[in-house]
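Trainee: Here is what each chain is made of, one letter per residue.
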Amino acid sequence: MLGVLTDNMPTLMAWTQGINLSFPILSDFWPHGEVALLYDVLRSEGIAERAIFVVDRKGIIKYIDIHDINEDPGINAILRILEAIEAK
Amino acid sequence: MRSYSENSRDTALAAFAAWDQGKFWAMHDLIFDKAPQIDRTVLFSLAEKLGLDMKKFAAGMDDKKLLDELTETRARVRAMDIWSTPTLVINGKILKGHQPFEKYKELIDEALGSTSEGSAWHRASSALRMLISPRSAYAGKGAFGEGRVPLFVKAPALKAVNALRVGQKAPEFELPSTHGNNIKLSDYYGKKNVLLTFLPAAFTPV
Chain A
1 MLGVLTDNMP
11 TLMAWTQGIN
21 LSFPILSDFW
31 PHGEVALLYD
41 VLRSEGIAER
51 AIFVVDRKGI
61 IKYIDIHDIN
71 EDPGINAILR
81 ILEAIEAK
Chain B
1 MRSYSENSRD
11 TALAAFAAWD
21 QGKFWAMHDL
31 IFDKAPQIDR
41 TVLFSLAEKL
51 GLDMKKFAAG
61 MDDKKLLDEL
71 TETRARVRAM
81 DIWSTPTLVI
91 NGKILKGHQP
101 FEKYKELIDE
111 ALGSTSEGSA
121 WHRASSALRM
131 LISPRSAYAG
141 KGAFGEGRVP
151 LFVKAPALKA
161 VNALRVGQKA
171 PEFELPSTHG
181 NNIKLSDYYG
191 KKNVLLTFLP
201 AAFTPV
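First to last, the sequence lines map onto chains A and B.
For the first sequence, the working numbering gives the first residue as 1, with consecutive numbering after it.
For the second sequence, the working numbering gives the first residue as 1, with consecutive numbering after it.
Quick caveat, the hints were computed from the structure, so don't treat them as lab data.
Treat the hints with caution; some may be incorrect.
[To be verified] Computed list of lysine-lysine pairs in BS3-like fashion (alpha-carbon distance at most 30 Å, straight line): (1) K55(B) to K23(B); (2) K62(A) to K55(B); (3) K64(B) to K34(B); (4) K184(B) to K169(B); (5) K55(B) to K93(B); (6) K34(B) to K56(B); (7) K23(B) to K184(B); (8) K105(B) to K93(B); (9) K62(A) to K49(B); (10) K34(B) to K49(B); (11) K58(A) to K103(B); (12) K58(A) to K191(B); (13) K192(B) to K169(B); (14) K55(B) to K34(B); (15) K184(B) to K58(A); (16) K192(B) to K58(A); (17) K62(A) to K169(B); (18) K184(B) to K62(A); (19) K23(B) to K34(B); (20) K93(B) to K103(B); (21) K49(B) to K65(B); (22) K64(B) to K105(B); (23) K169(B) to K191(B); (24) K23(B) to K49(B).
Computed from a predicted model, the values in this text were never measured in an experiment.
Using the sequences and the hints, build the whole thing.
Mentor: As structure tokens, this is what we get:
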């Protein structure tokens, strides 16, 4: 699992040190939002959508969810996605 | 006891001395870990911890030219009546202390005379909003439960460039990670499925 944000690294370090995440968070700060733009999830205000992509071992996109930005997708949604992929 | 400003001066010198040996950020982080218990002795011990060339570091700490530069900058800033952090100077106007986002926006708008959606300024102002008050922007009631309001208003998405669909190859990228290394999507090829999550901003729910 990887998280991508357009925040700069010091901000991300301060944040992740506070919440003890087990997976890496990537900083898409400069060139600003380059990767978010590549995945069509960069908003005009310079931040990324709340989006989930599942990419399989061959690098193929298996699932795309661009979520309501103000809504927490929750861990259950993510678990359902993973179960669906494992089942295939 | 030495004054606060003497310690600030020595801390700045130590950061520059570390910079000369390519360790500015490492020193910066150690200093912030130690703060506010910082003095000359502590700074030397941090330099030692970083494995710096101590002879060069000591010379940097007593660099007359750099010291003069710092003293001069300080005098210039004082002459502008700037005494506190954070202070922002926008187009000659001074904004002191922690101010609400609108105050910054007002001054920057005034300076630029433009706020069109999608402009470089529009992006920068959003980034600034995040930097200034990621938490205070969140106070209230709303989507994430008691005591929270939606942080983000509806903003148009930028034009889809790639129009990605399920079944397509995921675009390759390489980004710096909080685990200290750069991560490429292709690092996981043949090894792991990747759940790639994009999030709007730090300090918001994951």
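Trainee: Which numbered hints does this structure break?
Mentor: Hints 2, 5, 9, 11, 22 not satisfied by this model.
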